[in-house]
Amino acid sequence: MSAYGLWGVLPLYLKAVAHIPAHEVLAHRILWSVPVAGILLLVLRRTADIRAALRSPRTLAMAALTAGIIATNWGAYVWAIAADRTVETALGYYINPLVSIALGALLLGEKLTRLQIAAVALAVVAVAILTVSSGGLPWVSLFLAFTFAAYGYLRKTLPIGPSQGFFLEVLILLPFALGWAVWLAVSGENNFSLSNPTDMWLLIFAGPATAIPLTLYAFGAKLLRISTIGIMQYTAPTMIALIGVFVFGEPFGMERIVAFALIWTALALYTWSMFRKTGE
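Quick note: the sequence shown uses the working numbering, first residue 181, plus one each step.
Source of the hints: derived by calculation from the structure; they are not laboratory data. Quantities reported herein were computed from a predicted structural model and do not represent experimental measurements. Please note: incorrect hints may appear among the correct ones.
[As the list claims (entries may be wrong)] Simulated restraints on C-beta separations:
#: 1; residue 1: 192; residue 2: 219; range: 19 to 29 Å
#: 2; residue 1: 227; residue 2: 437; range: 42 to 52 Å
#: 3; residue 1: 339; residue 2: 311; range: 32 to 42 Å
#: 4; residue 1: 244; residue 2: 222; range: 18 to 28 Å
#: 5; residue 1: 339; residue 2: 225; range: 12 to 22 Å
For every residue, glycine included, the Cβ atom is placed at its ideal position computed from N, Cα and C.
Work out the full structure, taking the sequences as your base and the hints as a guide.
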């Protein structure tokens, strides 16, 4: 629960760095995640899988792919919060599990239950309502949902745990993030400077803000039932939506109320189908 709680309040941190370009925040999110994740692995004594993964070209190739996908997801999320589109990001993470089961049916030929079909259909209707009301697709929501669903699917192919996999991914991204940070510093466009200690520490905090919730989630996933985690995963987007509306003052008109009501109904059907499957 603490992991989802930290993910839920992450927009508060991202809004504090909204004046810094999203690409720079992303670079430092990667940079400072490496030492934090590395220290956590050393403390937990889980470095053996990392050494084995570094010797496996197939594992490294798959980790590079998942790293690229999650980096684009992070970048879009950082940008969306700064652009006052927090509620759209919440919608994206709400529909993520529905996108996942839809992709499973389309790409893997997985058979959907009637409840799951109804849930996906309601999500499609919700997206259609938002598209018509705004004059365009809610691309932020869809991008976050599809990239995270793709990441989750591909991440399962990595033969290492979530904490080790996360460290491997940010380690692969490290040269690119470091190179970008150095270029910003050389060009004088960086916000990471001793002359600006507030921004400097805010950017450093991006590391623990990213690595700690994931580590807590990895622990919780081993202790809790899948059905329990399935319900708890809605905690973060709910908190994000509430922060977007009541803290950031983003609009939440009738079209969004209807769309979110459809999504919540879809998630209720999805959760019900999950409980029925667990019961069987």
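Outcome of the hint check:
1. 192 <-> 219: 19 to 29 Å: For residue 192 and residue 219 the Cβ distance comes to about 24 Å; the hint holds.
2. 227 <-> 437: 42 to 52 Å: 49 Å, holds
3. 339 <-> 311: 32 to 42 Å: Given a distance of about 40 Å, which is inside 32 to 42 Å, the answer is holds.
4. 244 <-> 222: 18 to 28 Å: Since residue 244 and residue 222 have Cβ atoms about 23 Å apart, the given range 18 to 28 Å holds.
5. 339 <-> 225: 12 to 22 Å: 19 Å, holds
Going through the hint list in order, the structure satisfies each hint without exception.
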